[in-house]
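Starting from the known structure of chain G, arrange chain X on it as the hints suggest.
Note that the protein sequences, when read in sequence, are chains G and X. If you read the first sequence in the numbering used here, its first letter stands for residue 32, the second for the next number, and so on. If you read the second sequence in the numbering used here, its first letter stands for residue 6, the second for the next number, and so on.
Think of the hints as simulated: they come from the structure by calculation, not from any bench. Every value quoted in this text rests on a predicted model; they were computed, and no experiment measured them. We put the beta carbon where it would ideally sit given N, CA and C, even for glycine. Hints are not guaranteed to be accurate.
[As the list claims (entries may be wrong)] One side of the interface only, derived from the structure: several residues of chain G facing chain X at Cβ under 8 Å:
no., residue
1, P711
2, L714
3, R770
4, L777
[Stated by the list, open to error] Anything over 10 Å on all C-beta distances counts as not near chain G; from chain X, calculated:
no., residue
5, K58
6, E137
7, V164
8, M265
[Stated by the list, open to error] Keeping only pairs whose Cα atoms sit at most 30 Å apart, straight-line, the calculated DSBU-like set for lysine-lysine is:
no., chain 1, residue 1, chain 2, residue 2
9, G, K339, G, K308
10, G, K432, G, K39
11, G, K697, X, K270
12, G, K305, G, K274
13, X, K58, X, K13
14, X, K270, G, K317
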Amino acid sequence: MVTTEKPKYKVVGTRPIRPDGVEKVNGRAEYGADVSLPGLLPGAVLRSPHAHARILSIDTSKAEAMAGVRAVVTSADFPPREGDGPQARDNVLAHDKVLYVGHAVAAVAAVDLHTAEDAVELIEVQYEVLPHVMDVRDAMLDGAPILDATLRTGEPDGSKGDSATNVAQHIHYEKGDLAAGFAEADIVIEREYETTMAHQGYIEPQNGTALWGPDDQIRIWTSTQGLFAVRDTVAGMLGLPVKSVKVEPVEIGGGFGGKIPTYLPPVAALLSRKSGKPVKLTMSRKEVLEATGPTSGTYMRVKMGAKKDGTLTAMEAWLAFEAGGYPGSPVGAATMCVFAPYACANQVIDGYDVLVNKPQTAAYRAPGAPASEYAAECLIDEIAEALDRDPLELRLQNSVKEGDSRADGFTYGPVGHVECLQEAQESPHYQSELSGENRGRGVASGFWFNIGFETSMAAQIQSDGTVPLVMGAVDIGGSRASAAMQFAETLGIASEDIKPHIVDTDSVGFTFLTGGSRTAFANGWAAYECAMDMRRQMEERAATIWDCDRESVRYDDDGVIRGPAAAAGAPQEFTFKELAAELPNTGGGIVGRADVSKTTHGPAFATHIVDVEVDAETGKVEVLRYTAIQDVGTAIHPSYVEGQMQGGAAQGIGMALNEEYIWDDKGRMVNSSLLDYRMPTALDLPMLDTIIVEVPNPGHPYGVRGVGEVPIIPPAPALHAAIYNAIGERMRTLPMSPRRILERTLPDDE
Amino acid sequence: MQDLRYAKVSTVDDAVAALQAGGSTARVLAGGTDVIVQARARTRAIDMLIDIKGIDEVLQVAFDADGGLTIGAAAPCYRIYGDADVREHYPALIDCSTLIGGTGVQGRASLGGNLCNSSPSGDSIPAMIVLEGRAEIAGPNGRRTVPVEDFCTGPGRNVLEPGELLVSIHFPAPAPNSGAAFLRFIPRNEMDIAVVNAATQLRFDGDTVSWARVSLGATAPTPLFVTAAGEALVGAALSDETIAAAAAASKAAASPIDDMRGSIKQRKHLSAVYTQRTIAIAAERARG
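Bound-form chain G, shown alone (with noise of 0.2 Å):
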């Protein structure tokens, strides 16, 4: 561990057992499916079978008529519609078209599933099917088949283009000068690449529970990343006051971004209302593969020139996105992250958010930069190649440093890159040698912004001194752990003295999502200010038991407070546990509060080194040896920072190398399960070491940046530099799974 200046912290740092540990190893914790309530009605919902099609009429009244059904629901039910176009609700049971295969329809909540999935199929939907396009280079195509004939494309000085398209946005970017930064170049290499739709596979499916009370009062249950968020949307969709929604906390079993939109919980408010009953919508894999939002597949083209001493002069990107049925591609920071790692002068970048007949896409993990980023760092490595450059060492020439800006404008402050490829290049892995037949080495780095935005947290001294903290940032990779750290730390207490509490939304401030790497930053800034507050309450409090001036009392970092000398001469002082003890007999208890929305979030860098061996008579790779290097601000919990790195390169390595959805071609998911679906196993990965890079975040109380996105981007050009070496082909097309490899290297005619 690089380990620069910064304070000595007593619990920053260290590897306390993780607050919500007992309950999740034991089977105690309650998950979403696990929602229980008197008369609940557990429900189905009917998909479309076709990629495109225009509903012309659903006839429920076969499924209402069946014995035991108790409410069926279409997007009839939903409050009139204001506006032309599509809107968001409409991804939660189609309106006037089924977009994609697995677009929901209509639901059914009935005494019992067996009961709901059969009146499921007694729906009669008639459907006038529709030319389907799955491809964005098909799409982007004149007389293409239009998805919405509403829609025109979006253009970077924010007109609106004259004609029906499927190209929701066009986003370009530059700085300098592209021609001259080419002119300038001894070489110039243009490469095409692809990925592939990929999902979050998180382990627990999705589900919404809904009791829609006679009042109006709607609670709802989910495993969402964002409780505000499924608040806000589900009383959107159903024009309620944001008030009569309350959103409870269950726990969550991964999200990486698929966990953001709202699917469920507004389909099972409408059976609540219908029925009278609590509703339980829960996916199967099937449903979550086919109709929740992975990400993008994707078309590049990247052109790189660079002189022979190693400057790169000129980056140019062309990137398609598939957006899904509807807008919203992670394109943006695609285009943003592209070259993010390299402080070349001359950059041009397009991008498009295309509308095709899949999934609509969600975030997942960094969304839209394990792609573009992947196209970059294949080509720097061909760059590399050919200038007869080791490539860490043609990274560390370009690599941004504080001061150096991005083609969309944004100005770099203490960057850690240069550290990370530094340490790679000293690292045991890197200095190790690697030898025998068909194996290779590669290496690629990855940047992610890291977010803020809003967080709310208030905290209760009990008399014991122990002490309740209220969030509202649901804990995905640790953050309850990491949030009670950093407030024992700012209160100078022990960690196992805090209980954090993740609370309903009508009982703690507005908090955004979990998500964009943000909740240890943000929920850390919240944290600080709320114990900072309760550290001003409690000097307030010591002055008044001592009867002196406020501003004699003094609440140190080590936890004790303390006041001038008493008559008697000794100095007075509390520890905090002594002051905790006072409190019922001198005005009552103390409550910390803080909100917070804070842009001072740090980008985050990494670097990773793999070795693999191909086989070369079946094309698969094995991944001998890996190592994740990222500059993570501050290591709050380094066990979950290492879980975080080891994580997203876990998924990176399956997005590389086999995890792909494979379609018909009547644009239907053939492989929708996780038997087909190829997640890496625990024996398809080695131990995935970690080093931790420590380059403080100055906009943080304790230097953090955000772990949890940046380890999911190098892994995919790093296996293509590793595979390339190997057997001296570069696979430019994810996942570079056993049988594309395979064919590329067989002769044609076998």
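Chain X alone, transformed into the frame defined by chain G:
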């Protein structure tokens, strides 16, 4: 999932009677690792499950040095790979029974179920073919036996007639100087379905291969018994040439489809590769 009727029987005759009474939507329940998934996903119309795990005969794993090995149709994989005689005499059955599903599935899944599911990629079937397995079938007209290579008739289809069930699979005692092996290719390292699988059994007379059987899976509508591959090996010492000839015979015999698990080109190529690889292991075991 749908509502199902369930019956547990304790004799083969009762099972046959229950199957006859249940008609075409009654299915035998052994380990249930395929049939319950099919019922849940509604990929088969099933309204009755007849649980045969109360019948001693279908649970047996019995070896006799002269008579060979009898494995009951419902004997789960863990009992097969946990059996000392199977480990010593039939390592090819260890190869397949240890890689079907994962540990949990192996606690339930049976070779008989794998055979009756009749998937072209069934991971135990090529090994049972090269080991000269014979399926014992009970039905309304009594019992009959069918060589394993003749059991499957198409994807998900087999020779079982209405009212019939698979009771056991019998394997002859291994001959001296023989060895067998099974391998499969999957993109991952576990929990996957074969893109191609293969098995080989060899017998040697000195250095000469005196007898050979080769089988392939996931390369045709049913698992294949590739007689030409075996013939290419018999009558000579193993050499690069004979192994290449056997591999070429396998590749020629394979008539795979393109699907989400593999392409025609990939599967034909892997048919040759996995024939070669199982020959090498079988030869090593025969010598060892």
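Taking the closest pair, is the beta carbon of M265 of chain X still more than 10 Å from chain G?
The claim is violated: M265 of chain X sits with its nearest Cβ about 4 Å from chain G, within 10 Å.
When the least beta-carbon distance from R770 of chain G to chain X is tested against 8 Å, hint result
Hint holds; R770 of chain G Cβ to chain X Cβ min 5 Å, cut 8 Å.
Between K270 of chain X and K317 of chain G, is the straight-line Cα distance small enough, at 30 Å or below?
holds (29 Å)
At a threshold of 8 Å, is the proposed contact between P711 of chain G and chain X supported by beta-carbon distances?
At about 7 Å, which falls below the 8 Å cut-off, the nearest Cβ of chain X leaves the hint on P711 of chain G intact, so it holds.
Below or equal to 30 Å on CA atoms is what counts here, so check K339 of chain G against K308 of chain G.
violated (72 Å)
Whether E137 of chain X stays farther than 10 Å from all C-beta atoms of chain G, as the label says:
holds (29 Å)
No chain G beta carbon within 10 Å of V164 of chain X's:
Per Cβ check, V164 of chain X is outside 10 Å of chain G; nearest 27 Å; holds.
Within a Cα-Cα threshold of 30 Å, do K58 of chain X and K13 of chain X meet the stated pairing?
Distance ~8 Å between K58 of chain X and K13 of chain X Cα, so the pair holds.
Non-interface claim for K58 of chain X: all C-beta distances to chain G beyond 10 Å?
Per Cβ check, K58 of chain X is outside 10 Å of chain G; nearest 24 Å; holds.
Quick check on the hint: L714 of chain G CB to chain X CB, less than 8 Å?
holds (4 Å)
Taking 30 Å as the top limit, are the C-alpha atoms of K697 of chain G and K270 of chain X close enough?
holds (23 Å)
Within 30 Å, alpha carbon to alpha carbon, are K432 of chain G and K39 of chain G?
Holds - the C-alpha atoms of K39 of chain G and K432 of chain G are around 26 Å apart, at most 30 Å.
Hint violations for this structure: numbers 8 and 9, all remaining hints satisfied.
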